[in-house]
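Q: Residue numbers (the working numbering): 1329 to 1533.
If you're looking for bench data, these hints aren't it; they were derived computationally from the structure.
Just so you know, even glycine gets a beta-carbon here, dropped at the ideal spot from N, CA and C.
A couple of the hints might just be wrong.
Claimed, not checked - Derived DSBU-like pairs (lysine-lysine); straight-line CA-CA distance at most 35 Å: (1) LYS1432 <-> LYS1398; (2) LYS1398 <-> LYS1443; (3) LYS1411 <-> LYS1519; (4) LYS1398 <-> LYS1425; (5) LYS1372 <-> LYS1341; (6) LYS1341 <-> LYS1379; (7) LYS1425 <-> LYS1524; (8) LYS1372 <-> LYS1450; (9) LYS1450 <-> LYS1398; (10) LYS1425 <-> LYS1372; (11) LYS1379 <-> LYS1432; (12) LYS1524 <-> LYS1398; (13) LYS1341 <-> LYS1519; (14) LYS1458 <-> LYS1341; (15) LYS1398 <-> LYS1519; (16) LYS1519 <-> LYS1379; (17) LYS1341 <-> LYS1398; (18) LYS1411 <-> LYS1432; (19) LYS1372 <-> LYS1398; (20) LYS1341 <-> LYS1425; (21) LYS1411 <-> LYS1450; (22) LYS1519 <-> LYS1458; (23) LYS1450 <-> LYS1524; (24) LYS1450 <-> LYS1379; (25) LYS1524 <-> LYS1411; (26) LYS1379 <-> LYS1443; (27) LYS1524 <-> LYS1341; (28) LYS1443 <-> LYS1432; (29) LYS1398 <-> LYS1411; (30) LYS1372 <-> LYS1432; (31) LYS1372 <-> LYS1443.
Said to hold, decoys possible - Have a look at the derived ranges for each label pair, beta carbon to beta carbon: (32) LYS1519 <-> GLN1442: 40 to 48 Å; (33) VAL1430 <-> GLY1465: 25 to 33 Å; (34) SER1401 <-> TRP1446: 15 to 23 Å; (35) PRO1428 <-> LEU1400: 21 to 29 Å.
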Amino acid sequence: FQHLWQEDQGFRKTMILNQAIQAAQGEYLIFLDGDCIVQPDFVKRHRQLAKSQMMVTGSRVLLSESLTQKILSWPQWNFAAFKSNLISYRLNGGINKFWPIVLKFGPGAWRIYQKFVWRRIKGCNMACWKEDALAIGGFDESMTGWGHEDADFVFRLQHSGVRRQSGAWSTEVFHLFHRISDQSKAAENAKRVREKIMAKAGIGV
């Protein structure tokens, strides 16, 4: 595999993602953040949902600070050991979801969004075809700082004709607890996405 990096000059996620899109040798891209760990069938589940002219927005399970520290102390990620304690973790607040880890569902029309919906877009767990990502110019590199670059990407994909599928109840990742990032540009980024949506709809232009 290839390893790409960039100098730490603040939150420039869109730039490194675009480098990754260009460098990827496969036809299908799965986006995963470094603060997430996956289930053994994560890639398999995404492949099951991979359809032409479609993208997937997955879901995540939030881990508490104490459970995160416990898992990070393990020699390696042990999903079997983790799963054997799911009920206990849910009851003591270690995880915020239980059933989506236990029950898995395959492809279906119920997964398809009929229009753009901001809700449930998580850049830490998404997938699309490389050609579709390139067709819209990848992520908007003018969006710097934390927040909503993923919603912008999804909106532009959908506007180009790509249909969005929910990856919930299939592709869940586990999000490790950490300090909240600087969100000072989140409102500005959200405003820019809303302006794009309104412009495409012919509102205020």
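Q: Hint by hint, which ones does this structure get wrong, listed from lowest number up?
A: Numbers 2, 3, 12, 15, 25, 32, 33 and 34, in rising order.
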